[in-house]
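Undergrad: For reference, the chains in residue letters:
There are 2 protein chains.
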Amino acid sequence: MAAEPRLLANAIRALAMDAVQAANSGHPGMPMGMADVATILFTEYLKYDPADPDWHDRDRFVLSAGHGSMLLYALLYLTGYKQPTIEDIANFRQLSSPCAGHPENFLLPGVEATTGPLGQGLAMAVGMAIAERHLNAVFGDELVDHRTWVIAGDGDLMEGVNHEAAGLAGHLGLGRLKVFWDDNRITIDGATDLSTSEDIPARYAAYGWHVVRCDGHDAADIRRAIDEALADPRPSLIACRTIIGWGAPNKQGTSATHGAALGAEEVAAARKQLVWDSESFVVPEPILSAWRAAGTRSKGEHAAWRGRLAGSKQEEEFLRRMEGRLPADTGLEGWLDDLAANPQKIATRKASELALDAINPAVPETIGGSADLTGSNNTKSKGQQPFTRDDPSGRYIYYGIREFGMAAAMNGMALHGGVIPYGGTFLIFSDYCRPAIRLSALQQVRVVYVMTHDSIGLGEDGPTHQPVEQLTSLRLIPNLAVLRPADAVETAECWALSLARSTGPSLLALSRQNLPQVRTERSAENLSARGAYRLRSAFASRRVVMIATGSEVQLALAVADALEAQGVGADVVSMPCWSLFDGQEAAYREDVLPPHVFKVSIEAGVTLGWERYVGPRGLSIGLDRFGASAPAEDLFKRFGFTAEAIVPLIEAALAAQGDE
Amino acid sequence: MAAEPRLLANAIRALAMDAVQAANSGHPGMPMGMADVATILFTEYLKYDPADPDWHDRDRFVLSAGHGSMLLYALLYLTGYKQPTIEDIANFRQLSSPCAGHPENFLLPGVEATTGPLGQGLAMAVGMAIAERHLNAVFGDELVDHRTWVIAGDGDLMEGVNHEAAGLAGHLGLGRLKVFWDDNRITIDGATDLSTSEDIPARYAAYGWHVVRCDGHDAADIRRAIDEALADPRPSLIACRTIIGWGAPNKQGTSATHGAALGAEEVAAARKQLVWDSESFVVPEPILSAWRAAGTRSKGEHAAWRGRLAGSKQEEEFLRRMEGRLPADTGLEGWLDDLAANPQKIATRKASELALDAINPAVPETIGGSADLTGSNNTKSKGQQPFTRDDPSGRYIYYGIREFGMAAAMNGMALHGGVIPYGGTFLIFSDYCRPAIRLSALQQVRVVYVMTHDSIGLGEDGPTHQPVEQLTSLRLIPNLAVLRPADAVETAECWALSLARSTGPSLLALSRQNLPQVRTERSAENLSARGAYRLRSAFASRRVVMIATGSEVQLALAVADALEAQGVGADVVSMPCWSLFDGQEAAYREDVLPPHVFKVSIEAGVTLGWERYVGPRGLSIGLDRFGASAPAEDLFKRFGFTAEAIVPLIEAALAAQGDE
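First to last, the protein sequences are chains A and B.
When you read off a place in the first sequence, starting at 1, and then add 121, the result is the number in the numbering used here.
When you read off a place in the second sequence, starting at 1, and then add 121, the result is the number in the numbering used here.
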């Protein structure tokens, strides 16, 4: 080391103060408080190569306390990443800069995860550590052997998801996961003792973690704690006692440094205190050189790893998985052949299981799981073995009753790369993991959500378990493909779409109840890829277009039958995915949903949103209230989801239009 | 006691087996496993009067493990509640029965909370215990002096929300809260060691809870543990080691008893094992009598309490609050007078704070709080004192970084009665507490969510913090009033609506940025109560109706100005609440939004759903992607929320329509 760690750390502090001051917006306190710890980590322990941010065997570093983004931007700049430049940092939080308010994985290489929604960074890190251990088991130490490091704040450790994530990590024995807790005893509202009295180290010990404490401003003590953590086979919580805003003489140790610029006066006072004479956004040459030298620390390791990869018989397969390229055959074409030959009347959740029986042997990078609903979500395929602390080569995770933790872990697995995670729960509990689903979409990662029991069709469990607003509320999330297949064929097609969708998450909404196979002819094209398509054309002169999704497609067919019997021609359109349909060309959309034909939607959920497809004179059959507890058939009857109830509504509407 | 506890408990077991068997659906294992504990609680400890389920000073009992609903139905029947009848129990999980799959507070008196979504029952109980201590501080031991009891399962204790709730309860020292943990070591997927290894008692001790263990099948040991818990001033976790499905000789202790009927054969074997000879749904007279006698245990206490209430000077005020009647003057009319006299250009979050400055002194039952964003949510009014373990008379809760825990606690407070809870976070984090918001709506409780930073208008924090889909996703939840006021006057009106709305929750979506007061005349009517209303009529011949919400209303006015300058008449409609508008009569709706006039919506969020109001030829200005990090003005410009960007779109649309 050419410079004392404290001097190096002060470069972080200065950049953080300056950037927040320039933006007049941001969070200087956390970067200034954790600068010493981060400096030791990045200059002495972390395995990374700024020249190749995507080096597959790098350590992962997740800044779970994402509001302290300037800590990360400063580290990337100082260690020599191509981005951010010093100009990018000077433009912190401006439209032109990749240095966004919170770190965004899609804006800057080296940002491993988008963080800011508290607790999720830590939970994603658990997923990264899972992926690492799995790939290590598959490819061996010579190709995969790295750690996952996290900086988490008090907020991260108060959010419920940290409980789920830490419990899972302790159970799975993820010893490569090392978490620094920025124990600064300050939150936005003031001292932590305004709102919490817990003994966090004792809690983490209860999860089976190794816990160690250190003075977060004492380099030797930080090293001692890290060394102890590295020597322990358990995941570690390294509690770093710090002073928020360290270096700002009048504000440090208070919530005033947390989320606002220090002010010109206090910045000047801090420069004095830190003996930091250089101008704003200028790092003195000797200090920058020392940082840049530290950034080259792992070059030898990187080169050696490249040598091992080049010499490995597994190189091609390893790179295929890490680069996210699917195998040529995902198993689904054969399964679609089978379905054409032997149509199945099964629940789409069962159809998903059978699709997975085809996929999982053919696509070795999938890792499945369920939040304690394995038998209900049908997420475990034939012979799939569990991932355990003793055998991380397994490809099925018993996530426990931890929906949010599961979803966040899946994000981390996908961000790590080399695996395609899918996980199940009931569709209603998409609400429990919605913040992580949103981060799947924002981070543009391939995660597949298998959400079963997708309507009142689940029956007796009643309104707490019956999704009515979930389908459409999920459709509102940008870059999330919500897929609700109507039968076993569409389920296979939707799985094919989900696997192929490498730039964002997919969510399969699947039925509990059996559904007839409405697609009996083998189609060369994946019709679900269109989002909606004409499943059946009117026999009589067309007066109605019925649009339905999932389990209501069979009902639309029955309604159409009844209408045709009366000489009323009715198309039936199956619409597994709104967003894919919205992306089709206008001519296709107008062919499937002609503007001047009366349109009727049927979906056992809220009607809001369907106006987009049926128009103002259309009819939407749905459920604009909570459900009830009863057998599914009774509920469908009670809420009007029968041909007997729907046909008269359509007849009346047609008659009224005739009168106009 | 006329009968051994074991005999009494077997009545619960028999009813649970029989009801689940008859429905061929449900969860017998939990009621059978916890029958002994529940029997001791209901026959020896719980303070309640089946003749008056709403006795304000009763103990609250929450079955957090709601899937074990038959435990609760059996207890209510056996102790002599008017409902459920034995027929209701025989019709368990059928459309006609109040014995729903999961306990629903709106179906059965004696069901204190709707449970089933795991973790939330426990978290609601924390809110009940808060309400009890607060009202005790206000009204004294003579009127308010009761406990909150919970039965929680492994699932409850794995869900993240239990961490938030238990941390809050430990911090606030809620010693009247006593939680039984059904430690049966079984989840749906199998043994708990498939997915967890944590030491739950150690974790609860880390939160500052008292922890005690007992054998959940040994009456004396259960009593010992309860007595120890009652003697301890801290909240207690009573870990009850149980065998799931106790009494079913071949299936007990396995996940096979968790969520399915035992089958006729096993039911018969269990009857033999339990020496239970009576027919299905028949409880032998001596046992029923003993239960009914236990149900009268608290009659004396109840009578004494009634006497104290009748003699109290506080009777009227106590009953007003407990019955949820607002005071005649909520302070808002005076505040609206002030606003008419002195218009304010302030953020609606600030307007909400000023409204609370008027409300809180006038409405003493409000209890506010924030999930660590007090200064940002503006939820703390002048002089509002914190609720602390030492002074529970305070009316402001520092919830910490626990959005879900806060929302669930508010549900519990509202269910308890006597208080009106409101709490704040950023609108984006409605996702974190969405499962509890849904339960507010389903349970029909008066909870007010104060959600600020309601669009890209929050600026630099970027896409992780900018709601784009949240407003409409919340509008999809049945029985939730989503209110997005445009200025200080509408904010006051929306607060008035929220306070008056006693049958469900309200959610205020409020701006970070300042907004001009668009309503300057004092209106006798609460115009926001209409959901939407014409804020300004066209001057020139009307060709456009602009519809906007919240911070975009000022923009709609600016667009209208520009259009009028060109001779294009434009109405401006402010639409603070979709659902209230949907509830207006057709004539009103068509007057405000005339069918044949071109309509344009402006809202800085997703456009899906707006088709309902603008129709297929209308125009929706919105944001169908994630936001970005930059100052708010730059973002509004970047994403086209300026009059300069919008006016040409409207002109083009009008021209195109003219061509048709």
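Hints in this document: simulated from the structure, not taken from any laboratory.
The reader is advised that the hints may include incorrect statements.
Heads up, the list lumps identical chains together, so a pair's fine if it works in one copy or across two of them.
In silico SDA-like links for lysine to any residue, alpha-carbon gap of 20 angstroms or less [to be verified]:
(1) K471 with A385
(2) K503 with L440
(3) K393 with D173
(4) K503 with G311
(5) K393 with D459
(6) K434 with D712
(7) K393 with T417
(8) K203 with R362
(9) K758 with S217
(10) K420 with R306
(11) K466 with S217
(12) K471 with I309
Undergrad: Within a copy, between copies, both or neither: which one fits K503 and G311 at a CA-CA cutoff of 20 angstroms?
TA: Intra 53 angstroms, inter 18 angstroms, cutoff 20 angstroms: inter-copy only.
Undergrad: Which holds for K434 with D712 at a C-alpha limit of 20 angstroms: within a copy, between copies, both or neither?
TA: neither (52 angstroms within a copy, 74 angstroms between copies)
Undergrad: Up to 20 angstroms between alpha-carbons, please classify K203 paired with R362: within, between, both or neither.
TA: neither (33 angstroms within a copy, 58 angstroms between copies)
Undergrad: Could you figure out if K503 and L440 sit no more than 20 angstroms apart (CA to CA) within one copy, between two copies, both or neither?
TA: Answer is neither: 27 angstroms inside a copy and 61 angstroms across each miss the 20 angstroms cutoff.
Undergrad: One pair to classify: K758 and S217, alpha carbons no more than 20 angstroms apart. Within, between, both, or neither?
TA: between (56 angstroms within a copy, 14 angstroms between copies)
Undergrad: With 20 angstroms as the alpha-carbon cut-off, assign the pair K420 and R306 to within, between, both or neither.
TA: Answer is neither: 38 angstroms inside a copy and 49 angstroms across each miss the 20 angstroms cutoff.
Undergrad: With identical chains, the pair K393 and D173 could be close in the same copy or across copies; at 20 angstroms between alpha carbons, which is it: within, between, both, or neither?
TA: neither (37 angstroms within a copy, 71 angstroms between copies)
Undergrad: Treating 20 angstroms as the Cα threshold, decide for K393 and T417: within, between, both or neither.
TA: neither (31 angstroms within a copy, 75 angstroms between copies)
Undergrad: At most 20 angstroms between alpha carbons: which applies to K466 and S217, within, between, both or neither?
TA: Intra 54 angstroms, inter 30 angstroms, cutoff 20 angstroms: neither.
Undergrad: First find the shortest C-alpha distance between K471 and I309 inside one copy, then the shortest across copies, and answer within, between, both or neither for a cut-off of 20 angstroms.
TA: Classified as between: cross-chain Cα gap 18 angstroms, same-chain 48 angstroms, threshold 20 angstroms.
Undergrad: What label fits K471 with A385 when the C-alpha limit is 20 angstroms: within, between, both, or neither?
TA: neither (63 angstroms within a copy, 27 angstroms between copies)
Undergrad: I want to check one pair: K393 and D459. Are their C-alpha atoms no more than 20 angstroms apart within a copy, between two copies, both, or neither?
TA: Answer is neither; intra-copy 75 angstroms and inter-copy 49 angstroms both fail.
In this structure, the earlier hints numbered 1, 2, 3, 5, 6, 7, 8, 10, 11 are contradicted, and the remaining ones agree with it.
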